[in-house]
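Protein chains in written order, with the numbering used here: chain A, 1 to 117; chain B, 1001 to 1114.
The set of hints was computed from the structure by calculation and includes no laboratory data. Do not take every clue at face value.
Claimed, not checked - Calculated lysine-lysine pairs in the DSSO-like style (CA-CA distance at most 27 angstroms, straight line): (1) B:1057 - A:109; (2) A:3 - A:38; (3) A:16 - A:109; (4) A:3 - A:70; (5) A:109 - A:38; (6) A:109 - A:70; (7) A:3 - B:1057; (8) A:112 - A:16; (9) B:1009 - A:38; (10) A:38 - A:70; (11) A:16 - B:1009; (12) A:38 - A:112; (13) B:1057 - A:16; (14) A:109 - B:1009; (15) B:1057 - B:1009.
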Amino acid sequence: AQKVTQAQTEISVVEKEDVTLDCVYETRDTTYYLFWYKQPPSGELVFLIRRNSFDEQNEISGRYSWNFQKSTSSFNFTITASQVVDSAVYFCALPHITQGGSEKLVFGKGTKLTVNP
Amino acid sequence: DSGVTQTPKHLITATGQRVTLRCSPRSGDLSVYWYQQSLDQGLQFLIQYYNGEERAKGNILERFSAQQFPDLHSELNLSSLELGDSALYFCASSSAPRGSYGYTFGSGTRLTVV
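Isolated chain A (complex conformation) (with noise of 0.2 angstroms):
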């Protein structure tokens, strides 16, 4: 069954810092996809990146970058020059295919990253 561990429970660091978020899947899929979602204190989920276990190239986006290595089944997530808006709680997830060909996510416990400015 698929499993995500996300070893850092919380971590904290001042404003400008760069901070890297640890996910480390297991699967038995040879193609599959993997998500980072962002939940701030307002609590809502919300979506950051989706992979295909094809594309191994790092993905940066603004402040946001991404390294996926399937030799490691690692896909890590680093905010360079944290703000504190960031401060937010981050989940892994990974799709397993259900029995009936259908799918549900199977999230990691999550890193709660505090920034303080």
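Using the hints, position chain B against chain A.
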């Protein structure tokens, strides 16, 4: 605004009661997923509907039930509520039975059972 609408945003009710949570998917999406987020269990998949039919079941208690209506909105019914049912309930939608191409989440309903 994600396009997925969940109502109510907050709900406080007593043990033993029954509540209904409502979700309207993003326009054009046929799949609706329900997730429960609790402090001890994290984000857990409950159930999925696609175009009115149940497609997958997760860790959903027998006291809970859901349905998807012809207009594609979905309702999650929670009955005989217990203190442990207090959680944030999310609805997500996707265009296909499998959401690998993208899931859109609503802002959640925070249920407090007292």
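Provide an ascending list of the numbers of those earlier hints which the structure does not satisfy.
11 and 13
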